[in-house]
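Chemist: Residue numbers (my numbering), protein chains in the order written: chain A, 1 to 456; chain B, 457 to 912; chain C, 913 to 1099; chain D, 1100 to 1286.
If you are wondering where the hints come from, they were derived from the structure by calculation, not from laboratory data.
All of these numbers come straight from a predicted model, not from anything done at the bench.
For glycine and all other residues, C-beta sits at the position ideal for the given N, C-alpha and C.
It cannot be assumed that every hint is accurate.
Stated by the list, open to error - As a list, the in silico DSSO-like pairs of lysine-lysine whose alpha-carbon atoms are at most 27 Å apart:
no., chain 1, residue 1, chain 2, residue 2
1, A, 4, D, 1237
2, C, 1050, B, 513
3, B, 460, C, 1050
4, D, 1237, A, 57
5, C, 947, D, 1134
6, A, 4, A, 57
7, B, 513, B, 460
8, C, 1068, C, 1050
To be verified - Simulated coverage check for chain A against chain B, where a stretch passes if three residues somewhere in it have a Cβ under 8 Å from a Cβ of chain B:
no., region
9, 15 to 25
10, 350 to 363
11, 399 to 408
As the list claims (entries may be wrong) - Incomplete in silico selection of chain B near chain C, CB under 7 Å:
no., residue
12, 503
13, 505
14, 506
15, 507
16, 508
17, 524
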Amino acid sequence: MFSKVLIANRGEIALRVARACRELGIQVVAVYSTEDRDSAVVSYADQAIQIGPAPAKRSYLNIPAIVEAALHTGAEAIHPGYGFLSEDPDFAEVCRDHGIAFVGPPPEVIAQLGDKSAARRLMTEAGLPIIPGSLTPTRSVEEARQIAEDIGYPVVIKANAGGGGRGMRMAHEATAFLRAYQQTKTDAQALFGDSLVYVERYLTSARHIEIQVLADDFGTTIHLGERDCSVQRRHQKLVEESPAPRMPPGLAARMGQAAVRGAQAAGYLGAGTFEFLLSSTGEFFFLEANCRIQVEHPVTEMVTGVDLVQEQFRIAAGEPITLCQDDIGLRGSAIECRINAENPDRDFVPTPGTLAEFTAPGGPFVRVDTHGFPGYRIPASYDSLLAKLIVWAPTREQALNRMDRALAEFRVRGPGVHSTHSFLREVIRNPVFRSGDHNTTIVEQLLRLDNVPGAA
Amino acid sequence: MFSKVLIANRGEIALRVARACRELGIQVVAVYSTEDRDSAVVSYADQAIQIGPAPAKRSYLNIPAIVEAALHTGAEAIHPGYGFLSEDPDFAEVCRDHGIAFVGPPPEVIAQLGDKSAARRLMTEAGLPIIPGSLTPTRSVEEARQIAEDIGYPVVIKANAGGGGRGMRMAHEATAFLRAYQQTKTDAQALFGDSLVYVERYLTSARHIEIQVLADDFGTTIHLGERDCSVQRRHQKLVEESPAPRMPPGLAARMGQAAVRGAQAAGYLGAGTFEFLLSSTGEFFFLEANCRIQVEHPVTEMVTGVDLVQEQFRIAAGEPITLCQDDIGLRGSAIECRINAENPDRDFVPTPGTLAEFTAPGGPFVRVDTHGFPGYRIPASYDSLLAKLIVWAPTREQALNRMDRALAEFRVRGPGVHSTHSFLREVIRNPVFRSGDHNTTIVEQLLRLDNVPGAA
Amino acid sequence: MTQRSLNYLGRRNDGQTPSELPATIPVVCAEELDKLLGRVRHHAAGFVTDLAHPPRALRVRAGEVSLEVEWAPEQGSASVSAEPAVLPVAGEDPDLHYLTSPAVGVFYRLPEPGAAPFISEGDPVVAGQQVGIIEAMKLMIPIEADQAGRILQVLKNDGEPVEYGERLFALAVLSAAGRAQPCSAKC
Amino acid sequence: MTQRSLNYLGRRNDGQTPSELPATIPVVCAEELDKLLGRVRHHAAGFVTDLAHPPRALRVRAGEVSLEVEWAPEQGSASVSAEPAVLPVAGEDPDLHYLTSPAVGVFYRLPEPGAAPFISEGDPVVAGQQVGIIEAMKLMIPIEADQAGRILQVLKNDGEPVEYGERLFALAVLSAAGRAQPCSAKC
């Protein structure tokens, strides 16, 4: 195992990774921007290196600064967390070139799975069902429109270098196609520096189900069950759970096997996630593969008992996975709510500021992953995730009741600061969500209801 | 299920019970002394009734005040927590007389198991091994001394109305007997208003192992595995874990079956604990049965997934236990540390005061049950338990590493306030404890080492 | 969050007498000083608001006017949900006193149903005089005036459940000077 | 929440007797004082905001106007592990300036091994003059003086790893008045 690791991230995930290091007896090097000087992980770490100013481009996306910090502190590995450089094949390659273990798959795998069309081709070859659409980036608007006609509307146009719900637009009919297509190309260029796009059938009333996989260097690839991440607002997940509710018998296992096949075909290494859309008729389609630890990994941890970040370190250190597929059973039900520093009444605008009060819930079967503390100043420069609240219970209904009680315990207060925890309570109490009969449109529906005069 | 419950307790357990109520949709009535006006459970509860001044005798032990509060608020049941009135048969009887459900066994059962000699007789009849000694309170010092001679020194003299490690003294040889005997009688009178005592063989290097049981009104009695509570200081538990380390195969199951037999013989109802001593040669002896939820119940919850307080409510509401013995399996390893507001460097003197800073650990598989918060004033009138830190992991070694990491995250600070969390870290890191090869003398040994000049 | 008691420190160090001032310094008139004090006060308050961290002490001086303020050490946050009940609150008339409930129970103003109340608003009471009953678990606990005075207000209705320490009667204490007047309007 | 011990600041320096005042002291009217106080307040608040670390006490005086403020000692929070680096710290000479590292890397004082250092303590520098190198990922980033002045101190050794924003050189700024003196002893 490594004796010293650098964490190339910030916020709750940096602290999460640091905790895993502590438990494994690994020394922690934190890196931080000037904006994060007083952050939780900086005080937690054994060493902390200031790598740049507030803008992520000059700090958390600054490859030379991070690699220099690793070299000077003698860190043997870099854990990239999620976001930032976690799925940047160049970063993984630079690490490798400098003899630093990158905690994640090899750069070639990241590159192939990051190219969404290439990933679709690869998964098709591996026998995974994919959503009807183009298998290569479209070369012209005419070609794209022809594909749309062939597969039928509604369609979605996606950035080839995109992922995680960013850089995609719907076209519900032919007349809307051109505008959506061109807008997506513009967005793709702006967001990812790559204007390539492709076209897919858009599935209405689908659910977002993803499979957690682990693969080691000894040929073992296993899956750790599914997560239902259908509660999304503008393609950003708000609530995740495992297992997925109302799954037909055997379906989750079939999806798990498909993900393992896909991971093997890609030569995957480490912890990864295979995202699927599940249609209302019970068909599933490969959507994309993510080469990082996901924000929502704790729900899988709670039902399997496996510490995924520790497993990442073991695999990166060249150790075999100590589990086999038969060891993995999902026990009970786990739910995660993402508590963001945003104002739900003002279209979820981020509300940075200083926390005068910050009290997280506690007690039985409640887990909180947060970098917040009383007096913490939430910077405006980064995303607004403030805490992840995770609960476990033997059944989904009990877990929902527990989540409801835990959300009610949250206290977040500060000048100008808002939090989404009360809104999430509405979601958790929503009868459609409680029934498990929801799909990815649930938040939209809920927000529409909220705005109807006279509605509760 | 009840719609409103009164919690006749304070501190962390009052909050623990209130959380269970919330999850079951039960309204919470808190009662509090003038000293606890600003306590966590008072703000948490739906209703809060001030029942008396600081001294427990006039508030938390004040039966008329508590029953009046229940009657006025319309509470259908009273949860007594642990300590205070939790094992007072009179209180249970007054509740019954007023049509209020007492969350615990019937008064007759409490009375019989509270009479320690009577409990020993009953358990002997039920076929449980008991420690050699008197089966009735000794009538004279001569009789007691004769028994001591017969069973052999060392012996322990115990208050018949005692329990929980209070009102007991060792006599290591005949010359020390008289003094220990008389002192125990004096203590017994002062502590329990009953000077009856009995004599037992004292087991050196024994472990304290207890079995959690649940019994309902429909004839179902099950056990939920064991807890090892051998880490004690002056008979007060500091660290508890489940399962017990280094148990010979089948022993825990045999002890569980013995506890179930004992509970059935006593006509037990609700959640209870059967305490055993386990000798270094692997023999176990019934010690006492506790008619309450224990402080250390969370470790059982973490390995079984069962919410014991919720089960208490279900049973008290006349519902059957939804589990059967085969459903219960201990998964992984759970450890609890009791964080007390005490100064380990000054013989663990309680250190009441106001918390300037209070930050509990978080992250994966960490649970904290506490009534503490920044600004909380720890009163001098009650016990010094400030928080229970519980961790879970697949193996005991991983759980110990996790506990070590979590203890390091604790921040407790305030003028004059000390906390035992750093001392507990020493225990957790102690090689004998880590090996699982310890017994009830481990803390004493550790403290002795600490005081040796030049020792680490 | 912060509860502060403002203690104005009257320590204006203005021992100077006009006669000691050089002839060129003008005598500042009361009106002028008042105006200036208003401005000093305005600026001091504004300044404190501007600060990210609340200060412990502040002194402002402008010519003949100075203002000093100190804050008490901040204490806890304390979400008080209960009635404070027992003690008269600071700032209240020292002659105002409350009789509180010694137990959780039901408050009775009448010795028995249909009878006249023990006491009514405006009535004088002597120390030791019974003014009501708390019934707790069928036990009748008499409520007695602990001081001589006059009942200003009966704060609970007959038959109303009360907590420990809840206020039952407001009493105007018969002070040494012999006045037993109602709470003055300013309290 | 915060434990505060109130320490009275050193006495206001009011020992002056009027007779010591020069006869030429101008007549200050209330309006003028108000205006001046407004400026004092503005500067005080602005200054506090500029500071990287919240101060414990601040005293500002401008003629007849003075403002003093004290904060309680802050406890706990914020375990700053990093070098503040970028800004001059309160109380330091305003003419003292630091050149900081623009990147994580290794600091070099010499253009190449064996050569003379770019600059030494006591040397004058002009704006834009190279004074060192940061090597980051084989990239050589020149460090240049951003102002004219004199090098007071070289704060890192040749070949020492540095963080972003770490201080490399202390520079006495050549002010408009033309002085480029070392920090005065009282600072």
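Chemist: Hey, residue 4/A versus residue 57/A, does the alpha-carbon distance stay inside 27 Å?
Modeler: holds, 25 Å
Chemist: Verify this for me: three or more residues of the region 350 to 363 of chain A with a beta carbon less than 8 Å from a beta carbon of chain B.
Modeler: holds (count 4)
Chemist: Check the hint pairing residue 1237/D with residue 57/A against an upper bound of 27 Å on the C-alpha distance.
Modeler: Holds. Residue 1237/D to residue 57/A sits at ~20 Å (cutoff 27 Å).
Chemist: Minimum Cβ distance from residue 524/B to chain C below 7 Å?
Modeler: holds, 4 Å
Chemist: Between the alpha carbons of residue 947/C and residue 1134/D, is the straight-line distance 27 Å or under?
Modeler: Roughly 13 Å between the alpha carbons, so the hint for residue 947/C and residue 1134/D holds.
Chemist: Hey, does the residue 505/B contact hint survive, CB to chain C under 7 Å?
Modeler: Because about 5 Å separates residue 505/B from the closest Cβ in chain C, which is inside the 7 Å limit, the hint holds.
Chemist: Please check whether residue 503/B passes as an interface residue: C-beta within 7 Å of a C-beta belonging to chain C.
Modeler: violated, 10 Å
Chemist: Does the structure keep residue 513/B and residue 460/B at a Cα separation of 27 Å or less?
Modeler: holds, 25 Å
Chemist: Hold the hint about residue 506/B up to the distance rule: shortest CB distance to chain C must be less than 7 Å.
Modeler: holds, 4 Å
Chemist: Going straight from one Cα to the other, do residue 1050/C and residue 513/B come out at no more than 27 Å?
Modeler: holds, 20 Å
Chemist: Below or equal to 27 Å on CA atoms is what counts here, so check residue 4/A against residue 1237/D.
Modeler: holds, 23 Å
Chemist: Closer than 8 Å Cβ to Cβ for three or more residues is the test here. Does the region 399 to 408 of chain A pass it with chain B?
Modeler: holds (count 5)
Hint compliance for this structure: hint 12 alone is broken.
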